[in-house]
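*Asks:* Whole structure, please, built from the sequences with the hints as guidance.
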Amino acid sequence: MTDGRPHITVEMLSNPVYLSGARQLVSSVAQRLGFDEMACSQIALAVDEALCNVIRHGYDRAVDRPIWLSLWPVEEGKGGLRIVIEDEAKQVDLDAIKGRKLEDVRPGGLGVHIIREVMDEVKYERREGAGMRLTLVKRVPMTAGPKVTPKCERGCDG
Amino acid sequence: MAERTGLAIGREERDGVIILTPEGDVDMSCSPALREAIRRAQDARPKRLVVDLSQVDYMDSSGLATLVEAMKVARGQKAALVLCNMSAKVRAIFEIARLHHYFTITGTVEDALVG
Numbered sequence: 000m001t002d003g004r005p006h007i008t009v010e011m012l013s014n015p016v017y018l019s020g021a022r023q024l025v026s027s028v029a030q031r032l033g034f035d036e037m038a039c040s041q042i043a044l045a046v047d048e049a050l051c052n053v054i055r056h057g058y059d060r061a062v063d064r065p066i067w068l069s070l071w072p073v074e075e076g077k078g079g080l081r082i083v084i085e086d087e088a089k090q091v092d093l094d095a096i097k098g099r100k101l102e103d104v105r106p107g108g109l110g111v112h113i114i115r116e117v118m119d120e121v122k123y124e125r126r127e128g129a130g131m132r133l134t135l136v137k138r139v140p141m142t143a144g145p146k147v148t149p150k151c152e153r154g155c156d157g
Numbered sequence: 000m001a002e003r004t005g006l007a008i009g010r011e012e013r014d015g016v017i018i019l020t021p022e023g024d025v026d027m028s029c030s031p032a033l034r035e036a037i038r039r040a041q042d043a044r045p046k047r048l049v050v051d052l053s054q055v056d057y058m059d060s061s062g063l064a065t066l067v068e069a070m071k072v073a074r075g076q077k078a079a080l081v082l083c084n085m086s087a088k089v090r091a092i093f094e095i096a097r098l099h100h101y102f103t104i105t106g107t108v109e110d111a112l113v114g
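Chains as they are written, first to last, in numbering that gives the first Met the number 0: chain F, 0 to 157; chain V, 0 to 114.
Don't take every hint at face value.
Derived contacts from chain V toward chain F, CB cut-off under 8 Å, selection only [as the list claims (entries may be wrong)]: (1) Asp59; (2) Ala96; (3) His99; (4) Val108.
Taking lysine-lysine and the DSS-like style, the derived pairs with C-alpha atoms no more than 30 Å apart in a straight line are [as the list claims (entries may be wrong)]: (5) Lys77(F) to Lys71(V); (6) Lys100(F) to Lys89(F); (7) Lys122(F) to Lys77(F); (8) Lys71(V) to Lys122(F); (9) Lys77(V) to Lys100(F); (10) Lys122(F) to Lys88(V); (11) Lys146(F) to Lys88(V); (12) Lys77(F) to Lys88(V); (13) Lys100(F) to Lys77(F); (14) Lys88(V) to Lys97(F); (15) Lys97(F) to Lys71(V); (16) Lys146(F) to Lys77(F); (17) Lys71(V) to Lys88(V); (18) Lys122(F) to Lys100(F).
Sample of chain V residues lacking proximity to chain F, with all beta carbon distances greater than 10 Å (derived) [unchecked claim]: (19) Gly5; (20) Arg44; (21) Asp110.
These aren't lab readings, by the way, just hints derived from the structure by calculation.
Glycine included, each C-beta is placed from N, C-alpha and C at the ideal position.
*Replies:* Shown next as structure tokens:
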């Protein structure tokens, strides 16, 4: 099931010091869902870049605004991870969210490119009322080992 | 609340070459510390600046931006900027951003001193 109640939701402040915690959470969950070490690192990178964009562009670097990070397992195929990042930041024109040309080497502007490169699905939306919602999906490659389901492997009472 | 950058940066000089060794994750909260360390190093006008990434497990686009900025300064100074000892995970980020050809990247500090 990929809709309905998230399996994990974290509300965090828009303070960059908490980025490492968000990365560790996402990476740990991705690992449990069957992604290899490199994929876990890159999924965490995509989430980090998305959170940075919210902090930098959405909240103009204010460190006390809310961001919600929600995770669901994807059950189709070999499985995967669906991540939703929501905020109350200013709403932006969806057509304006695009990565820049990489031939133009200069500092900054790489976040959206990295997110699109790493994730299988990337969808930006305006939330009703205020803020933005970013949905990211990464599927476990079909060449990976057996599917891992988010169930307690040794029984949940021990 | 006091905020820690989470990034220690070692500095060593060998025959006119400055070697910086950041230790920790280079993300949005920590890249300003790396930027400042590089700026100070480049202010000394070394003929070569080496950034040893052996102690960096993770880097995001703010770290990449810091290094791109440093490379532009180095080129302006007609000096060399060399990155070395990248883990596979950090190198992958350079490749995703297509920046692995923009930098001189070596496997070891010793290679970076001459590469």
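*Asks:* Hinted pair, alpha-carbon criterion (30 Å max): Lys146(F), Lys88(V). Please report holds or violated.
*Replies:* holds, 24 Å
*Asks:* Using Cβ atoms only, decide whether Asp59(V) comes closer than 8 Å to chain F, and label the hint accordingly.
*Replies:* This hint holds: Asp59(V) lies near chain F, its Cβ roughly 5 Å from the closest one there, short of 8 Å.
*Asks:* Are the Cα atoms of Lys77(F) and Lys88(V) separated by 30 Å or less?
*Replies:* holds, 23 Å
*Asks:* Can we confirm that no CB of chain F comes within 10 Å of the CB of Asp110(V)?
*Replies:* Since the minimum Cβ distance to chain F is about 23 Å, Asp110(V) lies beyond 10 Å and the statement holds.
*Asks:* Holds or violated: Lys88(V) and Lys97(F), Cα atoms, limit 30 Å.
*Replies:* Judged against 30 Å, a Cα distance of about 24 Å means the pair holds.
*Asks:* Between Lys77(V) and Lys100(F), is the straight-line Cα distance small enough, at 30 Å or below?
*Replies:* OK: Lys77(V) and Lys100(F) at ~26 Å, within 30 Å.
*Asks:* So Gly5(V) supposedly isn't at the interface. Is its beta-carbon more than 10 Å from every beta-carbon in chain F?
*Replies:* violated, 7 Å
*Asks:* Quick one, are Lys71(V) and Lys88(V) close enough, alpha carbons at most 30 Å?
*Replies:* Distance ~24 Å between Lys71(V) and Lys88(V) Cα, so the pair holds.
*Asks:* Closer than 8 Å between Cβ atoms is the bar; does Val108(V) clear it against chain F? Give me holds or violated.
*Replies:* violated, 24 Å
*Asks:* Lys122(F) and Lys88(V): Cα distance at most 30 Å?
*Replies:* At roughly 25 Å apart (the allowed maximum being 30 Å), Lys88(V) and Lys122(F) satisfy the hint.
*Asks:* Holds or violated: are the alpha carbons of Lys122(F) and Lys77(F) at most 30 Å from each other?
*Replies:* holds, 21 Å
*Asks:* Quickly compare the C-alpha distance for Lys100(F) and Lys77(F) to 30 Å and report which way the hint goes.
*Replies:* violated, 33 Å
Consistency note: the structure conflicts with the earlier hints numbered 3, 4, 5, 8, 13 and 19.
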